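Numbering (this note's numbering), first residue to last: 58 to 175.
Any given hint could turn out to be false.
[To be verified] Result set (EDC-like, lysine to aspartate or glutamate): computed pairs, CA atoms no more than 16 Å apart in a straight line:
id, residue 1, residue 2
1, Lys-94, Glu-116
2, Lys-96, Glu-110
3, Lys-129, Glu-110
4, Lys-107, Asp-131
5, Lys-107, Asp-125
[To be verified] Distance windows between CB atoms, simulated:
id, residue 1, residue 2, range
6, Leu-59, Ser-123, 33 to 39 Å
7, Trp-65, Met-108, 34 to 40 Å
8, Lys-150, Ala-115, 40 to 46 Å
I should point out that these hints are in silico values taken from the structure, not numbers from a laboratory. Every value quoted in this text rests on a predicted model; they were computed, and no experiment measured them. Glycine is no exception: its CB is placed at the ideal position from the N, C-alpha and C atoms.
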Amino acid sequence: KLIVDNKWLGLDGENYIEMLAYRWNFTSDVFLKNQEKMKLIRYEDFLQDKMGEIASLAEALKLKPSKDISDKVDIQFQGRGNREVKWYQFFGKNNLSRIDEICGESMRLLNYPLSADG
Numbered sequence: 058k059l060i061v062d063n064k065w066l067g068l069d070g071e072n073y074i075e076m077l078a079y080r081w082n083f084t085s086d087v088f089l090k091n092q093e094k095m096k097l098i099r100y101e102d103f104l105q106d107k108m109g110e111i112a113s114l115a116e117a118l119k120l121k122p123s124k125d126i127s128d129k130v131d132i133q134f135q136g137r138g139n140r141e142v143k144w145y146q147f148f149g150k151n152n153l154s155r156i157d158e159i160c161g162e163s164m165r166l167l168n169y170p171l172s173a174d175g
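Construct the entire structure; sequences and hints are all you get.
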């Protein structure tokens, strides 16, 4: 329940889409205001180069790898979603418009496309 209850964070939202959008925007703002102290790893980038992103994070944290985990990075820990479904089909036009309104500025700063972009 806390994942969609934004009251304790002082955030708005009339439905779960808006609540999660405000939550994403809140956490994105934390990063954007503190990025000199943080390392951003976007999920999309991690999927493209898991070992590279892990190595980059370890380097940023000044950690030396002690074991080879390359055989572990593709283990599926939860059910795989349907990657054939496009995000505009999944969310619908109205929900995407609200997400764009709430998160648009941060999305652009973090190189995510808005629904109007494609």
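For each hint, the structure was consulted:
Of the pairs offered as hints, the one joining Lys-94 and Glu-116 holds, with about 14 Å between alpha carbons and a cut-off of 16 Å not exceeded. Distance hint between Lys-96 and Glu-110 is fulfilled; the C-alpha atoms sit about 10 Å from each other, no more than 16 Å. Pair hint Lys-129 plus Glu-110 holds up; C-alpha atoms about 14 Å apart against a cutoff of 16 Å. Restraint check: the Cα-Cα separation between Lys-107 and Asp-131 comes to about 9 Å, which is no more than 16 Å; the hinted pair holds.
Proximity of Lys-107 to Asp-125 is assessed by CA-CA distance (about 13 Å); at most 16 Å being required, the pair is judged to hold. About 35 Å separates the C-beta atoms of Leu-59 and Ser-123, a value consistent with the hinted range of 33 to 39 Å. A C-beta distance of roughly 37 Å is found between Trp-65 and Met-108, which places it inside the suggested range of 34 to 40 Å. At roughly 42 Å, the beta-carbon separation of Lys-150 and Ala-115 lies within the given 40 to 46 Å, and the hint holds.
In this structure, every one of the numbered hints holds.
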